[in-house]
Amino acid sequence: MIKALEYFIEIIRGVLITGRHFFVNMFFHTLKVLGIKTKRKGAVTIQYPEEKKEIAARHRSLHRLVPAENGKPRCVACMLCATVCPSECIYIEAAEDPELEMQKYPAKFIIDIGRCCFCGFCVEACPEDAIRMDTAEVELAEYTRENLIYDLDRLLR
Amino acid sequence: MIEVLIVFIKIICALVWFLALTLYLADWVERKQSAVIHDRIGANRASIFGIRIIGLFQPIADAIKMIFKEDFVPPFSRKFIHSLAPFISYFFVAVTIAAVPFGDSIKIGERTITLQVLDFNVGLLFILAMLSLGIYGIILSGWASNNRYSLLGGLRGAAQLISYEVALGLSLIGLIMIYPSLQLSTIVRTQGELLFGFLPKWGIFLQPIGFLVFYFAAIAETKRVPFDLPEGESEIIGFWTEYGGLKWGLFMMTDGMEIIVVSALVTTLFFGGWQVPWLVAEGFHWPWGGEWLLPHWVVVLLQVAAFNLKVIFFCWLQVLIRWTYPRFRYDQLMDLGWKLLIPLSLVNIVGTGIVMSII
Chain V
152 MIKALEYFIE IIRGVLITGR HFFVNMFFHT LKVLGIKTKR KGAVTIQYPE
202 EKKEIAARHR SLHRLVPAEN GKPRCVACML CATVCPSECI YIEAAEDPEL
252 EMQKYPAKFI IDIGRCCFCG FCVEACPEDA IRMDTAEVEL AEYTRENLIY
302 DLDRLLR
Chain U
419 MIEVLIVFIK IICALVWFLA LTLYLADWVE RKQSAVIHDR IGANRASIFG
469 IRIIGLFQPI ADAIKMIFKE DFVPPFSRKF IHSLAPFISY FFVAVTIAAV
519 PFGDSIKIGE RTITLQVLDF NVGLLFILAM LSLGIYGIIL SGWASNNRYS
569 LLGGLRGAAQ LISYEVALGL SLIGLIMIYP SLQLSTIVRT QGELLFGFLP
619 KWGIFLQPIG FLVFYFAAIA ETKRVPFDLP EGESEIIGFW TEYGGLKWGL
669 FMMTDGMEII VVSALVTTLF FGGWQVPWLV AEGFHWPWGG EWLLPHWVVV
719 LLQVAAFNLK VIFFCWLQVL IRWTYPRFRY DQLMDLGWKL LIPLSLVNIV
769 GTGIVMSII
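Residue numbers (the working numbering), protein chains in the order written: chain V, 152 to 308; chain U, 419 to 777.
Simulated from the structure, these hints should not be mistaken for laboratory data.
This one's a predicted model, so the numbers in the text were calculated from it and none came from an experiment.
Treat the hints with caution; some may be incorrect.
Restraint ranges, calculated between C-beta atoms of paired labels, are given here [stated by the list, open to error]:
(1) Glu201(V) with Thr530(U): 49 to 59 angstroms
(2) Arg171(V) with Glu651(U): 23 to 33 angstroms
(3) Gly771(U) with Leu167(V): 28 to 38 angstroms
Listed next, the stretches of chain U that the computed footprint assigns to chain V, with coverage defined by at least 3 CB atoms under 8 angstroms from CB atoms of chain V [what the hints assert, rightly or not]:
(4) 447-461
(5) 741-752
Built from N, CA and C at the ideal position, the CB exists for glycine as well.
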């Protein structure tokens, strides 16, 4: 009997918790409708396409190839990023550079974003700091797979 | 001729009220209220020409989606019964609205029109009977789907029905003893009288145990979450596994309508129906003396508003309950029905009888 009573009390407490959430949130929603600004909000929702969450400083987003002063990529086609890439999404075709200092440059540099797992190993492996993942572009959806294959033109910036 | 026309208009008004409330309750209120309870915002994207008033167009969008979905009947089902079941389930809930009193009579010229589609003298019995017949739709849908899980859901529905329907009926006997009538309009009118000169003679004050038992059983009647064994979303997916499109939508609508009917029944039987405390046909008669006379149409409007407000409050309470509790286990439901609710309602009948014979 006493156990049944405890059970009943817990049932009431459950409804009081959800009811409290309802009324507190409704109170703040009403204040918002009335145009009164409060520190607390009625909901924790971020309404995505209109509101966006701030991206953290150490985030990993779409890759870019860092240009040198002359506008060409810093990349020396050492293949370290292609080697370290766990999803094998980087394809580099090296060519001989007339400049003695550089010796090699990437004739083709292709990243298949459809395969990329955004681990950031390529950025860590790069000895020239030529590839970075700091564009803050995270909405990469496309209608075709072909559009997901990024070549040098789209990566260099 | 004009009598028929009046009944026709009443039916249309009642059905429009019922469907609009169902659409907005089963869809919009349910979504929004659950969202507010969960600290979310809820569906607010449906828009017409870029205008979206806190998602008020969502039910319309959902209805359009449901109508244009493919009406798929599985090849292994019993096709005729499979198609018939949702309509049975829907029909038996939809007809209950005929007996619900929305307000007292309204006087237009010489004529007096009761704000009730049909003033049965067995109105209460009619509603209870139709609500229990609704289970046929569920059993038939489970059986005709020719799917084990659906059948299991249908059978669970039947087993649940017998464990709470008895309590549902018995809990009302005490009430019927006090207001000696099964006519809902008479029951509501009796509740307008006063106890000790100030307390309205509502069912909740006279039959608190009856109310508790009835409300538990009535929530079980709606087959929603604390008692959603026929559906059992997380395990057997329930009697509507093989349904899609508008037929599934009809089951969903039935769910919403049952909430409203149960709320209307609770309001009518235990919370004075369309009665506003101390409001009589001429205006307010305050218990501390003095009165406030009101024109006829204001009184009628107040009564209808009071009825709607009470119904909406109980709908709100049911949605709150639905989003609070986990599901009862199968044996727990049986225990609750047979070991707690039925003895309680029997005690209630005996207690009411003793008190009535003393007074």
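Stated coverage of the stretch 741-752 of chain U by chain V [criterion: 3+ residues, CB within 8 angstroms]:
holds (count 3)
Could you check the hint for me, namely that Arg171(V) and Glu651(U) are 23 to 33 angstroms apart, CB to CB?
26 angstroms, holds
Can you tell me whether the CB distance of Gly771(U) to Leu167(V) sits inside 28 to 38 angstroms?
Holds: the Cβ-Cβ distance is about 35 angstroms, inside 28 to 38 angstroms.
Mind checking the hinted window 49 to 59 angstroms against the Cβ distance between Glu201(V) and Thr530(U)?
The hinted range 49 to 59 angstroms holds for Glu201(V) and Thr530(U), with Cβ atoms some 55 angstroms apart.
Three residues minimum, CB to CB under 8 angstroms: does the stretch 447-461 of chain U make the cut for coverage by chain V? Let me know.
holds (count 8)
Violated hints are absent here; each numbered hint is respected by the structure.
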